[in-house]
Amino acid sequence: MKKKISPGYTLIYLFLSLWALTTIFPLAWSVMNSFKDKKTIYHNSFALPVGSTFSLENYRSIFENYDILHAYRNSFIISGTVAAAVILLAGMAAYILCRYQFSGKRLLNLLLYAGMMFPIYSTIIPVLRMQAVWGIVNSPSVGKNLLSVILPQIAGNMSFAIIVLMGYIRTLPVELEEAAFLEGCSMFQTYFRIVFPLCKPSMVTVGIFSFLWSYNDLFTQMFFLRTKENWAITILLNNIASKEGVNYGALFSSVTLIVIPVLIVYIFLNKYIIKGMTVGAVKG
Amino acid sequence: MGANIYKNKKLIWVFLLPAFLFMLVYLYYPFVQNILNSFRHIKYMGTAGGDWNSPWYINYTKLWADPKMRIALKNTGITIAATILGQVGIALLLSLLVSNIKAGSGFFRTVYFFPIVISATALGLLFNLVFLYDKGMVNQFLQFAGYLDRESNELIDWKSKHAMFTMLMPVIWQYVGFYFVILLTGLSGIPSELYEAATIDGGSKWQQVRFITLPLLRNSIGTCVILAVTGALKVFDLPWTMFVNGMSNTWLTGTYMYSKVYSDVDYASAIAVVIVLIGVILSALVNRIFRQNDDYQV
Amino acid sequence: MKKKMMLVLAAITAVSAAYAVPAMAEGVTLNVTTTYAGEDGNAQNYKDSVAAWEAESGNKVEDSSATSDEAFKSRIVTDFEAGSEPDVLFFFNGVDSNQFVEQGKVVSVDEIREVYPDYASNMKDDLLGASPVDGVNYSVPVNGYWEGMFVNKEVLEAAGVELPTADTTWDEFLAACEAIKEAGYTPIAASLQEIPHYWFEYAIYNFQSPETHNTVPESVDDEYGKAWVDGLNDIKALYEAGYFPENTLTATDAETFQLFTGDKAAFLIDGSWKIGGIAEAVDDIENFTVVNVPGKGDRKTTDEIGGLSMGYYITRKAWDDEEKRDAAVSFVSFMTSDEVVSKFAGVSATALKEGAAPDTSEFNPLQVDAIAYTASFTGISPAVQDNLSAAAREPIFADMASIVNGDVDAADAVAAVLEANAE
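Protein chains in written order, with this note's numbering: chain A, 1 to 284; chain B, 1001 to 1298; chain C, 2001 to 2423.
Accuracy of the hints is not assured; some may be wrong.
[Said to hold, decoys possible] Taking lysine to aspartate or glutamate and the EDC-like style, the derived pairs with C-alpha atoms no more than 20 Å apart in a straight line are:
| hint | chain 1 | residue 1 | chain 2 | residue 2 |
| --- | --- | --- | --- | --- |
| 1 | C | 2105 | C | 2326 |
| 2 | C | 2343 | C | 2048 |
| 3 | A | 39 | C | 2263 |
| 4 | B | 1043 | C | 2394 |
| 5 | C | 2236 | C | 2218 |
| 6 | B | 1009 | A | 178 |
| 7 | B | 1043 | C | 2419 |
[Stated by the list, open to error] Label-pair ranges, simulated between beta-carbon atoms:
| hint | chain 1 | residue 1 | chain 2 | residue 2 | range |
| --- | --- | --- | --- | --- | --- |
| 8 | B | 1067 | C | 2233 | 19 to 29 Å |
| 9 | A | 52 | B | 1192 | 18 to 28 Å |
| 10 | B | 1067 | C | 2279 | 37 to 47 Å |
| 11 | C | 2221 | B | 1070 | 30 to 40 Å |
| 12 | A | 229 | C | 2052 | 18 to 28 Å |
| 13 | C | 2211 | A | 134 | 26 to 36 Å |
| 14 | B | 1106 | C | 2083 | 48 to 58 Å |
| 15 | A | 268 | B | 1024 | 28 to 38 Å |
| 16 | C | 2279 | A | 52 | 14 to 24 Å |
| 17 | B | 1017 | A | 9 | 22 to 32 Å |
| 18 | B | 1277 | C | 2103 | 33 to 43 Å |
| 19 | B | 1140 | C | 2083 | 52 to 62 Å |
[Stated by the list, open to error] Listed next, the stretches of chain B that the computed footprint assigns to chain C, with coverage defined by at least 3 CB atoms under 8 Å from CB atoms of chain C:
| hint | stretch |
| --- | --- |
| 20 | 1037-1045 |
| 21 | 1122-1136 |
| 22 | 1261-1272 |
Source of the hints: derived by calculation from the structure; they are not laboratory data. Note that beta-carbon positions come from the ideal geometry of N, C-alpha and C, so glycine has one too.
Model the full assembly from the supplied sequences, consistent with the hints where possible.
Now the structure itself:
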């Protein structure tokens, strides 16, 4: 490709930067306000927290009163497991739904769309009852309580993941799978050796969103993570920030503390999405 | 084409079962209960279904006649159109542009993701301040620019006069980053050899986009449109924070259902059934339009 | 990639397994759920009291308290249905408790007294908060609430209006609002769109008395039904006179509250819990006070809304458990003792026979005024909306905007409420 700064490129950069401004601003605004006390936020939420308006009070009160690292750990166990399980299971199902013809396939497709539509409010009560019968709700074991959040979340992210992965697998050339077949690979080998590695960018995308939604899913956490040692970060910070809705300082420090780990995960995984695929790379 | 590689179907259930078992237990079974609940009288959220309604379908006849449900359906239709054009359109444009630049692409990829990770509560608060009546950002700016009279403190009540715009703008903006990431993923799957070949043949950038990128991106765009349609039918958190109780006739199917979740459980169940039905029909329709080569006929 | 994934899974499983070690139990472990959580004014008091009881009794409390909202309420309801309810529950005593009372899942105070005669003996029985189901006492309350009219004194001064007193009539209040409006201020801070609840309560109270207020009408045409319609029409009149904020039908409660704390609006009807919110939001707390809500008709200006809407329940499950029965009774007795209740009460009402003795030395001026305000009460009635099911509240609360702008007739709205409540 030729390297030349054309007016076209200037225009592109201008447009991209304008959009970037709108996306950076809210986060910057939230972080900024997390360093102000409540009163300053009331009076001027758009001013920079410098000098006398700078305050660490919001953070201090959180860190002094709560075991926040423990909550982060719970969050990462829950959301990490959810993301890993969703990638594994959704990938296998998506592969079959894309490549194989079988009776009932049309029905499964419709069920997939339906699975994406169910509002959490209409499924949570039967789930709570079921899991209470199984003894994993309100249990003294932290592991069981975390499991009671993990299982419904895996199911909740499954439809979305399968649909996105199907969209990606469809674009993959079948020739590679044919070659594998001729070499005598079974379905399992073809999937795990050929298709799975090729799907890496899409798997990472699905993983990121499953992680994110599980991590932010306050509603399920509210039902199943009840005592302090079970709290994940989102419910912990919501419990701090929810009261009366006037304590904006607590709200913004919560937003900041919730957002930062997710952004780190995203930035870390982002590079897997970017890499353009070349046919040559497939063999490696 | 040697499509006979997909002929041995004996073991496909091993791949399908785990995923669908999860959904059966945690989604389909509870939702069947939800469907039954929509025909029952339920007093508090959390109690088992009581007696059958008489007539059993009364919630659905009520829905049919409910003026708020009509408003919600109309607004949701507008939202679907706006999200397809706005969210997916902008995301497509952004992802094409970002994939065509070298310097700074990593930066843009990262910051476009920001809005998705911030909770709806915080965003609702921010946009409430942006569109605030007195001393809100937009009104202050319009006064400064001379569009509104500053002397008499002339103000626009955005949540009343331009309610739909004020509600949809943040919703669309927030999820552009989501489709952006999915489309970028799709773009990464296009072999770079194709572009190299096109460049050698003297194809312009535009021609490359028109004849290589867009056709190959068709699956990803189809996925995005399905997600956008279903998302629009479900969305409630950000609209609810900004327009509580459907103020200024801004009900959406998602917010209307949410408003009934705790107060009128069986009615909310009926709304959920309608949402799911519309969602499945529209998704199947979109899928047909973007139909692709996943059916390897023998 | 696959190997990496397996490693991640293995690591997660290992960590999860490490978690699964059961806690060592000494004494009895009580499962307790309350709403003293998050930034609830008493969250810290609750924590301290629990720790004190644990030290005293040698038992342990497994605390699953959470901020009260609709999701929390449905979790409690489902828990009772699924048999995973706590041993002790601090919860509402109004219609929200009907389901588990109806199913006999909590133990009445009388039944407990057959075994423990001194249970809740420090409380006035008629204030315990009888269940709407059968009029029986099941719970023991701690601290209550009242509602009143908060005033921004600076705005009144700027508008040349006198501070309302215990003798101010409704007409005088309207005249004050007019003067405040003339002076360019907003008379009443309220978001009719989001929180019309307080105005509804007092507006209909004006056509009733403390004795009759807490009654849900049988029909729109009976005396209570008429009072409700008249009250709603009064709110409509206030709206048409322009006494609410210009954008009261689109503003959030936080926005109108800011008008009040930002010296732009004069009056705010709200609950006793708002004192903390005002103190947090302003630098000049001495500029704010709380006064009686001006009344008319049979309701004296000093007849207010208030009550004890929550209390401690002991569940049937804990009561039938030999090991836990003693501990549960001991826990509730401790948490509702004179000392603990006084500490929790602050400026709010209690059911104590001896009355609460809060430590007033660190009260701010608004809290001092609040004590004087509660002393002025000649009559008190609970909020009648607590007797309505959530579905029944909707036609007036979610649709207040349509009522005041004339889209929906007040009588039709009340009829819709009664119809939904009868279901």
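Hints, verified against the model:
Among the hinted pairs, residue 2105/C with residue 2326/C is consistent with the structure: their alpha-carbon atoms are about 18 Å apart, no more than 20 Å. Our distance criterion of 20 Å between C-alpha atoms is met by residue 2343/C and residue 2048/C, whose separation comes to about 11 Å. Distance check on the hinted pair: residue 39/A and residue 2263/C sit about 14 Å apart at the alpha-carbon level, within 20 Å; holds. As the CA atoms of residue 1043/B and residue 2394/C are separated by approximately 15 Å, the hinted pair is consistent with the 20 Å bound.
Between residue 2236/C and residue 2218/C, the direct Cα distance comes to roughly 23 Å. Violation of the 20 Å bound is thereby established for this hinted pair. Annotation: proposed proximity of residue 1009/B to residue 178/A holds, straight-line Cα distance about 16 Å (limit 20 Å). Among the hinted pairs, residue 1043/B with residue 2419/C is consistent with the structure: their alpha-carbon atoms are about 14 Å apart, no more than 20 Å. The supplied range of 19 to 29 Å is met by residue 1067/B and residue 2233/C, whose beta-carbon atoms lie about 23 Å from each other.
Distance hint check: the CB atoms of residue 52/A and residue 1192/B are about 55 Å apart, inconsistent with the given range 18 to 28 Å. At roughly 43 Å, the beta carbons of residue 1067/B and residue 2279/C sit within the given window of 37 to 47 Å. In this structure, residue 2221/C and residue 1070/B meet the distance hint of 30 to 40 Å, their C-beta atoms being roughly 31 Å apart. Between residue 229/A and residue 2052/C the C-beta distance comes to about 21 Å, which sits within the given range of 18 to 28 Å.
At about 51 Å, the beta-carbon gap between residue 2211/C and residue 134/A misses the expected band of 26 to 36 Å. For residue 1106/B paired with residue 2083/C, a C-beta distance near 53 Å keeps the hint of 48 to 58 Å intact. The hinted range of 28 to 38 Å is satisfied by residue 268/A and residue 1024/B, whose Cβ atoms lie roughly 34 Å apart. The beta-carbon spacing between residue 2279/C and residue 52/A, approximately 20 Å, falls within the hinted interval of 14 to 24 Å.
For residue 1017/B and residue 9/A, the hinted distance range of 22 to 32 Å is not satisfied, since their beta carbons lie about 51 Å from each other. Checked against the hint of 33 to 43 Å, the pair residue 1277/B and residue 2103/C passes, with Cβ atoms roughly 34 Å apart. Judged by the Cβ atoms, the range 52 to 62 Å given for residue 1140/B and residue 2083/C holds: they are separated by roughly 57 Å. Counting residues of the stretch 1037-1045 of chain B whose beta carbon lies closer than 8 Å to any beta carbon of chain C gives 4, which meets the minimum of three for the stated coverage.
Figure legend: the stretch 1122-1136 of chain B, annotated as covered by chain C; annotation consistent (3 residues with Cβ-Cβ distances under 8 Å, at least 3 required). Coverage of a stretch by a chain is defined here by at least three residues with a beta carbon nearer than 8 Å to that chain's beta carbons; for the stretch 1261-1272 of chain B and chain C the count is 4, and the condition holds.
Against the hints set out earlier in the document, violations occur for numbers 5, 9, 13 and 17.
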